[in-house]
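Engineer: So you can see what is in the structure, the chains are spelled out below.
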Amino acid sequence: MSVRYGGLSRAEPSLGDKLIHLNWGLVLLILATASVGFAMLYSAANGDLNPWATRQMARLGVGMVAMFIVAMIDLRFWLRLAYPAYAAGLLLLAAVEFMGSIGMGAQRWLDLGFFQLQPSEVMKVGLVMALARYFHGIELEDIGRISYLLIPIAMILAPAAMVLRQPDLGTAMVVVMIGGAMFWLAGVRLWMFAAVAVAVVAAIPVGWQTLHGYQRQRILTFMNPESDPLGSGYHIMQSKIALGSGGVFGKGFLQGTQSHLNFLPEKQTDFIFTMLAEEFGLLGGLATLGLYLLLVAYGIAISLRCRSQFGRLLALGITTSFFLYLFINVAMVMGLLPVVGVPLPLISYGGTAMLTVLIGFGLLMSVSLHRDTYINRRGGSN
Amino acid sequence: MHRRDNDLQRHFTRRALVLGGGQAALMGVLAARMYYLQVVEADRYALLADENRINMRLLQPSRGTIVDRFGVPLAINRQNYRVLITSENTPDIEQTLNRLAHIIPISDDERARILRDTHKRRNFVPVTIREFLDWEEVAKIEVNAPDLPGISIDVGQRRFYPDSVTVAHVLGYVASVSPDDINGDPLLETPGFRIGRSGLEKKYDLALRGRAGASQVEVNALGRVIRELERKEGQSGQELVLTLDVELQRFAAERLGEESGAVVLIDVETGALLTLVSNPSFDPNNFTEGLSTAQWQALVNNERAPLRNKAIAGEFSPGSTFKMVVALAALEAGVLDTETTFFCNGKLRLGDGLFHCWKREGHGKVHLTRGIRESCDVYFYEVSRRVGIERIGDMARRLGLGANFDIDLPGERPGLIPTPAWKQAVIGEPWVTGETLVSGIGQGFVLTTPLQLAVMVARIANGKKALQPHLTRDRAVDATLIARTTDDLPDLGINARHLDIVRQGMIEVTTHERGTARRSRIGEEGMEMAGKTGTAQVRRITRRERAVRVLKNEELPWKARDHALFVAYAPLEKPRYAVAVVVEHGGSGSKVAAPIARDVLREAQLRDPAAFAPGTTTASRASTDTTDS
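Here the protein sequences come in this chain order: A and B. 1 is the number of the first residue of the first sequence in the working numbering; add one for each residue after it. 1 is the number of the first residue of the second sequence in the working numbering; add one for each residue after it.
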């Protein structure tokens, strides 16, 4: 079977061909979204490019280079790298147990000297790759058998458990949800999802006992933030005040009183969307959500046009994890979900998140470039 | 192979579209939530955001000044220089304090408090190191400012009394607000606010306080002020003009000297008080800065009661100064006239009781004016028995004794004019005639304050109106000051001829060769005074002591000595000033109190403050003086 690129049928496409056929629309969308982030970081620093905006731009630059490299590399290479990447993620998570820095009351970072690596971010991509690789290798009929599902379930639960130990309940749940989405896309039967849902509901009382005090408090506070406006509910209350007072048109760039007077916590990271909606109002907020919707739609489109199961699963897995992060973050700042320390992808200040998101998009582009590559069960082309 | 691939792809597409649909739906939820927060609830949250960031700060108004009738300042506001430290501006608090300690002494206790306060507050909130710095200290700190990071000087206001000791009892003092004072006025809760705690400062507190201004400031989440949005200046407190002449007041206080007692000088035509002296006094400035326990104990335990305003709160037996009351009561009742005489042989027997005259050998034949000028006790025993305690009491009350005037000062006492009904109710025994006799010479149950005695003489001297004593040009209705009028004063209602008779007796006290205060006459043309001595016994003289020899005052402990009293008015024609002098345990009224009263009345007539309405400034007074001369 011949390999075709964008309708052209050629044995070995040149790098130039690949560059031409890159998803430049997607690149533009990414740049646009990241630019919104720069503007907000500029505003968060009270009208200063330092300390956040400039560094974030540098990270975007580095990340874009990485994204292009990842996009150029043949999809089969990524398929072969899937399990090693997953294993590396697990190792990093284990490493954070022993030598992670303490930040925000939890061990989440590995200090590499020049870079603060967040292993749970790496794990996110690794898990998607590994699950795509696994489901690529089994028949549709076998997916109905529980015995074939034990390995991928373990693949999800191992990192989830380690992240939970950090403890980072939010990321652990994201990991489980990404895994769940992969199962859904791979074709796992509906009744199994129903069974798991029932089991989870039944396990809630037990799970509650194992939660840390602050995690319980966060959930309780989420249920009724007004009950404790100066304590744990403070962040949610202040965020809602900031959003609500922004109104339809917002208070204007650099004019957000809530954010600039520091009523808003962590405005450059987790609560950056609040600041955006305070300064640019409902219109600015919806426009940003529109950008994200286009990015997600782009990802879904790529996955639908891919001919290999690995590519499809990889593309939509990455798109879904991207969506989950943005949804959880925005829902959190609007008081729809508990505060769980999840950044807004492409906009929040943060190195690892930016890099992993862009590598994810790189993989997405690689899938798009190699959408017609035939990949057999074991990962070969024939 | 192909079919299987196509199956897989169809399956995937279906599920991917469901997933994508779900994601789109969740995006819709986010958009709906945004709409709810930013459109439906926008007003509520906009309000909450403003409440978050806008703080109202009250601006303390400066307290109204208090001046005497010539505009001499008695209570003013002085700048209070404070040195503060802001911990965020200094790299090392301890080191900065060490350097500051070379300039102004900082005790270990103070240092501990400062460190505690800086830890307790947020690092941008200044903490007071010391208040009430003098200029030299301020200058030294400013010069060394580069070496004192985080140290700043702040200017506030403090109450200051330039003539502190002279007018302490009248002015009272200000002090920090106590929880009991909090009544909803937010001004009271501002830091460092001082409230009138005693005297006029207390009585006129609302008028002196003024109205608070407000400053709207934008604050951040930590409470740090970012900028001022709006400022509304407050209104300073009003100036309070007193009727007192502070120079005369000082003269009277110095004339009393070391003695404990009171001097009250009153304008016979208006009732305006010109002096209201109570000795010994205290320094109210100490109260502003806060009194040490030792200082407070010294004030409270002093047997001469410096904190007590004896002019209005000291209740003394009036002694013989009460005899004008008895005489007027008798004249009005028609039980005697100027010709009625009684014989004094030094004592009077009533049933089993023996009532002595101060003169052992007796006065002989005594008529009314002689009874007053020589203060014959036996004569007044006889008069009292004839006129009765009820009519004496009526006259006493008409002349201003036995009740509060509701003068503007806290702590005023009513004294006591006894009646048979009062004795029955309070002591539970019926009145006996002997007590009428004793009351007739101002002893026994009768109690009066120096203020009441001054009013009594002023009313006798005025003869027409029942004067009301007052200290301020205006009276206060809540926070508003309204000018007083003397138009609606009630008539005294005493026969003018009877008043002439009594005044004649008082004139003879200083002018007749046998008058009890002849030695204290002023003796200058047109300035002479008329008066009445009084010596109030505070101990009982036993029969045995009287048989041997009555002990002299000098032989007794201070607390057992007689009170010396003298009441007088001047000049004899068209009286203008009336005075009451009480020297606590001072001895004889003629020897101790009369000379003081004479000097005060003489000085008053020389200065003649009553010729100028309260509120006249010293400048305009000086110019009037020149045109007069």
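None of these hints come from the bench; they were simulated from the model. Don't be surprised by glycine CBs; every beta carbon is placed ideally from N, CA and C. Please note: incorrect hints may appear among the correct ones.
[To be verified] If you want the footprint, here are the derived chain A segments under chain B, 3+ residues with CB under 8 Å: (1) 46-60; (2) 153-161; (3) 243-249; (4) 272-283; (5) 301-311.
[Stated by the list, open to error] Computed footprint of chain A on chain B, listed as stretches where at least three residues anywhere in the stretch have a Cβ under 8 Å from a Cβ of chain A: (6) 4-14; (7) 33-42.
[Claimed, not checked] Label-pair distances were calculated between CB atoms; the ranges are: (8) ILE226/B with TYR214/A: 38 to 46 Å; (9) TYR214/A with ARG14/B: 39 to 47 Å; (10) LEU294/A with VAL125/B: 45 to 53 Å; (11) ASN262/A with SER107/B: 31 to 39 Å; (12) THR13/B with LEU294/A: 42 to 50 Å; (13) ALA294/B with TYR214/A: 25 to 33 Å; (14) TYR214/A with GLU88/B: 50 to 58 Å.
Engineer: With reference to the structure, classify each hint as holding or not holding.
Structural biologist: Comparing the hints with the structure gives:
no., hint, in the structure
1, 46-60, "violated (count 0)"
2, 153-161, "violated (count 0)"
3, 243-249, "holds (count 6)"
4, 272-283, "holds (count 3)"
5, 301-311, "holds (count 4)"
6, 4-14, "holds (count 8)"
7, 33-42, "holds (count 8)"
8, ILE226/B with TYR214/A: 38 to 46 Å, "violated, 31 Å"
9, TYR214/A with ARG14/B: 39 to 47 Å, "holds, 42 Å"
10, LEU294/A with VAL125/B: 45 to 53 Å, "holds, 49 Å"
11, ASN262/A with SER107/B: 31 to 39 Å, "holds, 38 Å"
12, THR13/B with LEU294/A: 42 to 50 Å, "violated, 20 Å"
13, ALA294/B with TYR214/A: 25 to 33 Å, "violated, 54 Å"
14, TYR214/A with GLU88/B: 50 to 58 Å, "violated, 29 Å"
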